[in-house]
Amino acid sequence: MARRYKSFSEFKGAVLARLPSLKPHFDAIESNVGVSEVVLHHLYVILRSLHAVGLYDLLPTEEDVVDFMDRYVGG
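According to my numbering, the sequence shown holds residues 11 to 85 in order.
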């Protein structure tokens, strides 16, 4: 059910096209690079929201989540 994304930007675009209300969470991730607690919280809210409304086709793969975390938290 998960899909592979080429980038965080592609993931953001796909999600916001269907759930624009999540924009503040993407903005928070992008403006808090390196602040792991903030990035983790907002990524969790995004993933939980996709699951809650049944948009399973937009969920990223586990590899994507690791890539996102490496980019925004640091690895």
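Keep in mind that the hints were calculated from the coordinates and are not lab data. These numbers come from a predicted model, not from an experiment. Take these hints with a grain of salt, some might be off.
Pair by pair, the computed Cβ-Cβ distance ranges are [stated by the list, open to error]:
| id | residue 1 | residue 2 | range |
| --- | --- | --- | --- |
| 1 | Gly44 | Gly64 | 15 to 25 Å |
| 2 | Ser19 | Leu65 | 24 to 34 Å |
| 3 | Gly64 | Gly84 | 13 to 23 Å |
| 4 | Val75 | Asp37 | 14 to 24 Å |
| 5 | Tyr54 | Pro30 | 13 to 23 Å |
| 6 | Arg13 | Asp80 | 13 to 23 Å |
| 7 | His61 | Gly23 | 13 to 23 Å |
| 8 | Arg13 | Arg81 | 24 to 34 Å |
| 9 | Thr71 | Leu29 | 29 to 39 Å |
| 10 | Ser19 | Ser59 | 25 to 35 Å |
As a list, the in silico EDC-like pairs of lysine to aspartate or glutamate whose alpha-carbon atoms are at most 20 Å apart [unchecked claim]:
| id | residue 1 | residue 2 |
| --- | --- | --- |
| 11 | Lys33 | Glu20 |
| 12 | Lys22 | Glu40 |
| 13 | Lys22 | Asp37 |
| 14 | Lys16 | Asp77 |
| 15 | Lys33 | Asp67 |
| 16 | Lys22 | Asp77 |
| 17 | Lys33 | Glu47 |
| 18 | Lys16 | Asp80 |
| 19 | Lys16 | Glu72 |
| 20 | Lys22 | Glu72 |
| 21 | Lys22 | Asp74 |
| 22 | Lys16 | Glu40 |
| 23 | Lys16 | Asp74 |
| 24 | Lys33 | Asp74 |
| 25 | Lys16 | Glu73 |
| 26 | Lys16 | Glu47 |
| 27 | Lys22 | Asp80 |
| 28 | Lys22 | Glu73 |
| 29 | Lys16 | Asp67 |
Yeah, the Cβ is synthetic: ideal placement off N, Cα and C, and Gly gets one too.
| request: Starting from the range 13 to 23 Å, see whether the pair His61 and Gly23 falls in it by beta-carbon distance. | output: holds (19 Å)
| query | At the C-beta level, are Arg13 and Asp80 separated by a distance inside 13 to 23 Å? | reply | Taking Cβ atoms as reference, Arg13 and Asp80 lie about 19 Å apart, which means the hint holds.
| How does the Cβ-Cβ distance of Val75 and Asp37 compare with 14 to 24 Å: does it lie in that range? | Cβ of Val75 to Cβ of Asp37: about 19 Å, so the range 14 to 24 Å holds.
| said: For a C-alpha distance cap of 20 Å, please report whether Lys22 and Asp74 respect it. | reply: Given that 20 Å is the threshold and the Cα spacing comes to 12 Å, the pair holds.
| Does the structure keep Lys16 and Asp67 at a Cα separation of 20 Å or less? | Measuring from Cα to Cα gives roughly 15 Å; hence the hint holds.
| field | Lys16 paired with Asp77 [C-alpha distance capped at 20 Å] | value | Holds, at about 10 Å.
| message | Next pair to validate is Lys33 with Glu20; report whether the Cα-Cα distance is within 20 Å. | response | Between Lys33 and Glu20 the Cα gap is close to 14 Å, so the pair holds against 20 Å.
| request: Verify the proposed pairing of Lys33 with Glu47, using a straight-line Cα cut of 20 Å. | output: holds (18 Å)
| Given the hint that Lys22 pairs with Glu72, does the C-alpha gap stay at or below 20 Å? | Roughly 16 Å separates the two Cα atoms, so the pair holds.
| query | Okay, Ser19 versus Ser59 on CB: inside 25 to 35 Å? | reply | 19 Å Cβ-Cβ, so the 25 to 35 Å window is violated.
| message | Run the distance test for Lys22 versus Glu40: straight-line Cα separation, threshold 20 Å. | response | holds (11 Å)
| task | Sort out whether Asp74 lies within 20 Å of Lys33, counting only the CA atoms. | result | Given pair Lys33, Asp74 holds - Cα atoms ~19 Å apart, limit 20 Å.
Checked against the numbered hints given earlier, the structure breaks hints 1, 2, 3, 8, 9, 10, 26 and satisfies all the rest.
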